[in-house]
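Please take these sequences and the hints and turn them into a complete structure.
Number of protein chains: 2
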Amino acid sequence: MVWEFWTTQLDEEELVENNYEEYSSSRATGMNGNGPSKLVDPLEDPLPGVGTYEDFNTIDWVREKSKDRDRHREITNKSRQSKVALLLSVIDAFSGWLLMLLVGLMSGALAGGIDIAAHWLTDLKEGVCLDGFWFNHEHCCWTYNETTFEERDQCPQWQSWAELIAGTSKGGAFAPYACGSGIPEIKTILSGFIIRGYLGKWTLIIKTITLVLAVSSGLSLGKEGPLVHVACCCANILCHRFTKYRKNEAKRREVLSAAAAVGVSVAFGAPIGGVLFSLEEVSYYFPLKTLWRSFFAALVAAFTLRSINPFGNSRLVLFYVEFHAPWHLLELGPFILLGIFGGVWGALFIRANIAWCRRRKTTRLGHYPVTEVLVVTAITALIAFPNSYTRMSGAELISELFNDCSLLDSSQLCGYQQPTNISETGAGNSLADRPAAKGLLTALWQLALALIFKMVVTVITFGMKVPSGLFIPSMAVGAIAGRLLGVGMEQLAYYNHDWLIFKGWCSPGADCITPGLYAMVGAAACLGGVTRMTVSLVVIMFELTGGLEYIVPLMAATMTSKWVADAFGREGIYEAHIRLNGYPFLEAKEEFDHSSLAVDVMRPRRSDPALAMLTQEGMTVGEVEALVESTHYSGFPVVVSQESQRLVGFVLRRDLLISIDNARKRQEGVVSASHVVFTEHAPPQAEDGPAPPLRLRGILDLSPFTVTDHTPMDITVDIFRKLGLRQCLVTHNGRLLGIITKKDILKHMAQIANRDPDSILFN
Amino acid sequence: MVWEFWTTQLDEEELVENNYEEYSSSRATGMNGNGPSKLVDPLEDPLPGVGTYEDFNTIDWVREKSKDRDRHREITNKSRQSKVALLLSVIDAFSGWLLMLLVGLMSGALAGGIDIAAHWLTDLKEGVCLDGFWFNHEHCCWTYNETTFEERDQCPQWQSWAELIAGTSKGGAFAPYACGSGIPEIKTILSGFIIRGYLGKWTLIIKTITLVLAVSSGLSLGKEGPLVHVACCCANILCHRFTKYRKNEAKRREVLSAAAAVGVSVAFGAPIGGVLFSLEEVSYYFPLKTLWRSFFAALVAAFTLRSINPFGNSRLVLFYVEFHAPWHLLELGPFILLGIFGGVWGALFIRANIAWCRRRKTTRLGHYPVTEVLVVTAITALIAFPNSYTRMSGAELISELFNDCSLLDSSQLCGYQQPTNISETGAGNSLADRPAAKGLLTALWQLALALIFKMVVTVITFGMKVPSGLFIPSMAVGAIAGRLLGVGMEQLAYYNHDWLIFKGWCSPGADCITPGLYAMVGAAACLGGVTRMTVSLVVIMFELTGGLEYIVPLMAATMTSKWVADAFGREGIYEAHIRLNGYPFLEAKEEFDHSSLAVDVMRPRRSDPALAMLTQEGMTVGEVEALVESTHYSGFPVVVSQESQRLVGFVLRRDLLISIDNARKRQEGVVSASHVVFTEHAPPQAEDGPAPPLRLRGILDLSPFTVTDHTPMDITVDIFRKLGLRQCLVTHNGRLLGIITKKDILKHMAQIANRDPDSILFN
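Protein chains in written order, with the working numbering: chain A, 1324 to 2086; chain B, 1324 to 2086.
Please keep in mind that the hints were generated in silico from the structure rather than gathered at the bench. Some hints here could point you the wrong way.
One copy or two, it doesn't matter: identical chains are merged, so the pair holds either way.
[Stated by the list, open to error] Okay, derived cross-link-like pairs now, EDC-like style, lysine to aspartate or glutamate, Cα gap no bigger than 20 Å in a straight line: (1) K2045 / E1914; (2) K1988 / D2079; (3) K1574 / E1913; (4) K1761 / E1948; (5) K1406 / E1914; (6) K1401 / D1916; (7) K2045 / E1913; (8) K2066 / D2081; (9) K1567 / D1415; (10) K1612 / E1910.
Computed from a prediction, not measured in an experiment: that's the story for all the values here.
Structure, rendered in structure tokens:
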């Protein structure tokens, strides 16, 4: 009976806006006063605002999911009654798919637009198309029919500029939430945190524009992190069109998880990799239903992007690769070397970047974000311009490094000595290993300089107040290192066919070493070292190459890189940034490896004052208000009596305040001396008392989670993670002892790791 | 303090064999008697058998995982002390990877062996190679140099037999656990159930041999389900070589999850699809670490299989496909039709198969499994032989149906009219649509008959006492239906170029319809309808074709098929078989959609006798024994006193019996009148009592899971699923009310679904 009332309450709570602002306005318009007996009436409108969250707070996954199940049950029950309700229930069931379709379409279209705009702007740095300024370099020259393919760079319509002004002046648009990669924040939001406005339409608009500017500015940054953010913004905005998702924070997060997959899908043209990325790296709660829907959305987005065809080659990405030669088992040696390099670089990068970001946060540097961006852009542009490998965009660089050199290739990287006769190259194999010529040696020098430059500048750039992805710069570093090693191996093999290690598989004139593959393995290793992605990284790379053949080298390098980087520190770059920002994020990957008990973590500690709790009857409105005012806790346990301390339920501060406030305004006779009653039936003494009691059982959570004081913390942490709890009460032999919140756990973990527990800012 | 003792207890429990048989033997060899005071000594050897499970029981995931964390903590602590311990800890950390490598190698090798053996035996049905009986048909004819490629079927060395004896006589080898698909049982085991011997070496050996016989016998069954079982057996056997996995049921299940991925990986040459299959369909607890390791193992297995090269074409599977023509958006219509067909067939198949299997279980039919197999094999062989499409093996049939017809193709399915001149085919497009000739029409008739035959015979075959997979027969049914529809569409388009729907994309002489693609879509739809796989199915198919191009048709068909099938009934074939067998499996995919509360499900019910509970002090050994003897419960809550009913902990029946038994034998002065004490310090009255008290705090679980009586069952079910609980205590205002076990929940769910609650057999 009691439960049924509560259930209905929750059902109807969904009909009000799950938003505090709207609550305030609806409260201002005035509601009918309700007698105390009516408050228990299930048909009555529930109080708006009850069951919602404040900004920078953590949601209660269990309650949200329970709310959604109630809603679903309601619809199912109704659908048995009439044809219209049945139709509505079918529409409701398919609305999730429709939403996914829209998210995929919108994100794919936006990604296409961003690609085209960034491409155009990048070329605008170099010159302008005289036929029409909106053409980019390639399109401009395509329209000029007389140019042959080889000479298209010199088409007369394309007017080259020497100025860099275009690049430097473009990085300067800001919005509070539009800067940075966005992935740390999205991880935190997906874990249940609320940051209002972070996924709103203004963020979307500003992020999209600044992303175009930032990518085309020539800074050492990529677009995949921001694309994930853009896709999540799209999803969040579209969620507002569907009641089911607007009103339920847990359901909305399912959609956002799918949107994260969409973001990576459009960034790399890798739908499966995107889904696995969302599963492995970003998401917190990822049920199988979401897996399937994410996959659908990722595919829709990829196909939308492909039909927009931003690169004019019907490929989804700039660096689609096709290799022709197989690799040899002995090459695993250099691949593992690349893995070690990637791991070391990843670990160093995280340390350096976090140190730099901390400096930015704590020193005066942080006060001048615009100046910082302009200075970094200017320096980047000045240093990058002379070197053709740093001048080109990250994606173009990677594309060139991944490429296999054929005989006809005119790129500097393919500046090998041309074979004097066909027989020398071994039956006309146009991909055979050849000795390096002057062009290639110059390219190698430039690449080495570019490597050092990229390594330094990425540390400074990531975390600046511009939208900045990390995938492309990390991959660029790895690709340069890999290509250098690859060319080195190739020359070694060419001049030393007779060495034992090359014997048998690398005869003269054969194409035994593919430097492009080394570049790719290096890129994967560095990206793995920085982000600690595993499966998703390999699958993304697999989707780029499209062959199972090269998975083994990628896997070897990624595994090595992760192990090496983990030896330096367990955190990936995103986790490090979450920690730097003090977000309440309970990492699912890291095992809690300490033997503390719940009693060691719970509040109140031994020296603290006793736990603030309410009794189920016997307290007056004034007493309750005084208790709430005197503390800052977001919820209070309700016990049978102060003596027995047997737990009845848990009530949230926000719900309590709203209900009392509402009752005082609309319910006659509710004064400070009125009794607050959490029991099912009002106690007899209240009826002859001075004022009618205020019944608040409706807002009481009768099923609070409890653990005993002897529960090991590893189990407690597991419960928090898996169920998505906000708080958990601690009992000893049936008596209430204390409370553990997510923040307490995070503080405890920080303490164990010898970090400052006060760095955890939110609850 | 208290916890530390318990922790150490658990640590050392791992040093004993986690196996009841070994416990019995060690007990028989005799142990030193221990004084009562020594029982609290943390250095003392723990009792063997405490903390282990009996056969056909469910494990406690929380306890197992906690045990593993304790073990890990121990190793980490030790590793700080000495170099040797550090090395041991590194070895321990990498032992998981080593195990995965071994599982991959062993499973890949076994799968290769099975493929080769089955191929040879299948051909043996048709004839024998005169040059050497161990060659199969293809290899035999390869060695005969004079045959041209087209005539290789007629090479003189290959002696054809007309007899079917070979086929019929081979299906008759049995072992209790080696029959069936194995996937339902593996799902149950992975969810935490214990079936001893199901993954043992004898099962492996017999399953491997019978699988070869069954596949080659011509029955309508596939090998992927049994291959999953074989891989899990390999993993389980290899686990026994590693202490970490031998002694921890939860850790071992992580390895088994990876092994399930390996099984699919070798069955289809689809490592990513295999991992997703394990994640989506089979696994219960699948942490990210397992994802990464599964992927590794799946890759190793795929490469092992490829280096064995069982099909002689350096492909992993028989039906690798490459299509050349793109598909048109309008073709989505027929693809969705195939999805509907797949869904309807899937739902009907499940109903018919379950009805048949129930009949087998309940009637006299079940008493003659061998006769049944022989009769079905004989009938299958007799009916199948005249039709060439039913005579060939399922994989060969699928391979042929998936194939695209080129001009040179000599297969009957490609019996199109040859174009009279080149210009007619449109610039020599060798794949252009052509009118059907007599050969194709015959083939269509045969295919239609084969479709009906396969549909009927698969219902009877799956569930018989032979190793039988379901993927290949389901796919065969779908592929036939798809090919029929595809050829129909092709002819329609050829003769009606001018129809509105074909205009614009299907000009004469173009290759607009690819019947092979229809076959593939149909196969995916039927497999989806039967198993309700989604992402993993699409990814497996993607890995078979290797192009993102065809994912959209596959996805459309799979989604439609799942929706249609779900409309008939939510259960896939594996869940239906699990339910048929009464295994205690809590489906993670199905939402609990009923508004009952914990108090409605818990025992004791209102009419039942009171809950059997122990008090923490004041009970004698005799009383405890009497209570345990009088009930069949597997555990008892311990309370402060019968009056207060405040919960202290939970003790398992098995642990209690073993401890009392042990104490009676070895501890002096323990008699029936001795007090049993669960408190930390013995109560004062016990010290002047007749006998020293028996302290059992060591076996008491001080952190039992509790929910309140008002907790909605959907939340309770969620807790059970996510934490992997065995039981959960129910409290009201701090007092113990009752207990909910996994079996109670399953019975409750059966009741809601109007099924017999007594069909749930195990706990």
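Looking at the structure, which of the earlier hints fail to hold?
2, 4 and 5
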